[in-house]
Amino acid sequence: MNAIATPQAPPQPPSHEPSYLAVENTVRSWLLTTDHKRIGILYMISITLFFLVGGAAATLMRLNLLTPQGALVTSTTYNKLFTIHGVIMVWFFLIPSVPTVIGNFVLPMMLGARDVAFPRLNLASWYLFIGGGAFALWAIIAGGVDTGWTFYTPYSSTYANGHVIAMATGIFIAGFGSIATGLNFIVTVHKMRAPGLTWHRLPLFVWSMYSTSVILVLATPVLAITLVLMALERAFGIGIFDPAIGGDPLLFQHLFWFYSHPAVYIMILPGMGVVSEIIACFSRKAVFGYYFVAYSSVAIAVLGFVVWGHHMFVSSQSIYAGMVFSILSFLVSIPSAIKVFNWTATLYRGSIWFQTPFLYVLGFIGLFTIGGLTGLFLAALAVDVHLTDTYFVIAHFHYIMVGGMVMAYLGGLHYWWPKISGRMYPELLAKLSALFIFAGFNLTFFPQFILGYLGMPRRYHAYAPEFQVLNVLSTAGASILAIGYFLPLAYFLWSLRYGKVAGPNPWQATGLEWTTESPPPEHNFTVVPIVTEPPYAYDPVAAEEALAAKREQREPAYVR
Amino acid sequence: MSAESPVAHQFEDAAQQREAATLGMWVFLATEVLFFGAMFLGYTVYRLKYPEVFRMASEHTIIVIGTINTGILLLSSFTMVLAVRAAEFKRRMALIAFLSVTALFGIAFLVLKGFEYAHEINEGLFPGSHFQFTEADPYTARMFFYLYFLMTGVHALHVTIGVIMLVIFALRAMLTLKLERLSTAVDLLGLYWHFVDIVWVFLFPLIYLVDRHS
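So the protein sequences, as listed, match chains A and B.
The numbering of the first sequence is full-length UniProt numbering, which starts it at 1 and goes up by one.
The numbering of the second sequence is full-length UniProt numbering, which starts it at 1 and goes up by one.
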């Protein structure tokens, strides 16, 4: 079996401790756990529930848009639906998705560490997340919010009906959970690496998580204070945003997007890290241009802080500011393209193995490319004036957020599921659901590019009759997408009991997390691993030879 | 940190633990800079927009209290450094004394700040419904006092948290048998306290010294 892969470090000697899942199984042991793996599971369960809430809102929106007059809900309800969908999906699903589930679970293991640097802070971050989520859910149940996820002032601070303050409080609290996670990961990567694991031997997933953490730590506090200012203005009528009291509403937009544009990269960089891991494993080849892929993550994180003004091209911000932000936004495409080209080059002369995680990654690369290129349309000032607040924008960022990040999250879940649960998921069903998701996604969102280009504005519950065909197509696609999302939910649960036992390294992958047992013991490693090589020590030639030998054995050449 | 060993299970040794904790505190302070940064940005925007009104409003703050408070915080940073040093050399009495003195400075700051707030609220300068300001456009003057109460309020909250931590640490220094376990923690509290001090060093000129030279 070692012909296929040469792991970085030798497999761990068998531990005689119970696995992290078997250590103790009381509710208390789960709710008070400081084990990074269990906290990852807690996050996985909670964000799945939030995904269902956000998904339900999206379902109602898509159903409503089946007819031009709005088939289902009033305009007020529709406004609340897209607010729920945006708030829940951004802050309670996408931002935590890969970092808190997969990051929490595998990052310490990739570093050869027993846990993150601050395990209790890690647990606290989950409680903050849940506390914030409770406020958000309460705001929804109590009557909802109709400001959109962006909370633009003075609408949010003065005129909007609904529970704006409760919703903002929820996001504020959950934000501190994000900060705690980011802080923990930064310190863990700096201080907890195994002997010999230098920065340039780190898996690319760690690089992307590190870059993400820097954004989490530097951007989130700005959102926190901005929401406080907005809530104070709403509660007491004093503040700095409402023009009626001498304020400047544009200041809110600047502060909001100073957080929320970097947050867009919080919602894609971790996915890029997952892609790098999977693509190397399933092409049996080291990632092409390791340094470029690693430092492009850092470049995206840095550039991400200086492009927020491209959300405000039509907001009356100075035209010169618009030009600068436009150029800077174009610059972000350079590190993004570096990644796409390097992943593609990794495939070249690899020994490709079409398993489910790899299907998701191929989907990611194609969809992310479309999402990224349409981003360039929007970064161009003149084109943006036409496309602002149309479905083109919706389609663009869903290609990144759903086509990119959700694909990567699901790909990562399939890839690390054997490590997390110790069991294999059913491969055929998984491939089928990956195809459902890919087809459904494109059918949902590609028509929206056309709708937006033709001028259909976002955030309306009704539309002009000539847009109906494309809207019906989009809703049909969303139903296929929904099937694709429910299948993994079902078979992952099924596999917990009936799945094939995975063994420590079912993919013959490199990386320290694969040297330990599946599921891992509580402290991950029985002996501290020592790293002597760069990551991704795969050998495509050996893999092809092994494959050929296997084929020969099954079906000798003279029979063919 | 578990009860039995001074080194938590995830760390190899005390040095790694100390380095991790210190880096963690620095990263936390970075988030604090950004947290205050948004408010400083708001202040800058409106100061540039309404320079004249900000000058007039600033004259209503009590510069004597502001100056004394600046001195108090600077002194408290000095005693904090002495506490960090005492913890490093495991001098229990000195540690307890310097932590207490620092806490007292912090309390003195808050008391003086409270007197100043009381005075301003009596003058009708609190940006609520009773706000009154006759010399200039009341809306823009209210903007100054809103930012003033907000920024000094958030700063005072940080001072309060710092004082509570100082008291807790002084008590721990009295009760614990192993002083070396407190050393890193006191060090980190010191970083936090200096940060709070530095924020005030920026707040003081922005609030009290607007155009005082003329």
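Everything labelled a hint here was simulated from the structure, so no lab data went into it.
The structure presented is a predicted model; accordingly, all values stated were derived computationally and were not measured.
Misleading hints may appear alongside valid ones.
[As the list claims (entries may be wrong)] If we take Cβ atoms under 8 angstroms as the criterion, some of the chain A residues that face chain B in the derived model are: (1) P119; (2) I179; (3) L183; (4) V217; (5) T226; (6) I240; (7) I245; (8) D248; (9) L251; (10) A464; (11) E466; (12) Q468.
Every residue gets a Cβ at the ideal spot worked out from N, C-alpha and C, and that includes glycine.
Results of checking the hints against the structure:
| no. | hint | verdict |
| --- | --- | --- |
| 1 | P119 | 6 angstroms, holds |
| 2 | I179 | 5 angstroms, holds |
| 3 | L183 | 5 angstroms, holds |
| 4 | V217 | 5 angstroms, holds |
| 5 | T226 | 6 angstroms, holds |
| 6 | I240 | 5 angstroms, holds |
| 7 | I245 | 6 angstroms, holds |
| 8 | D248 | 7 angstroms, holds |
| 9 | L251 | 6 angstroms, holds |
| 10 | A464 | 40 angstroms, violated |
| 11 | E466 | 44 angstroms, violated |
| 12 | Q468 | 44 angstroms, violated |
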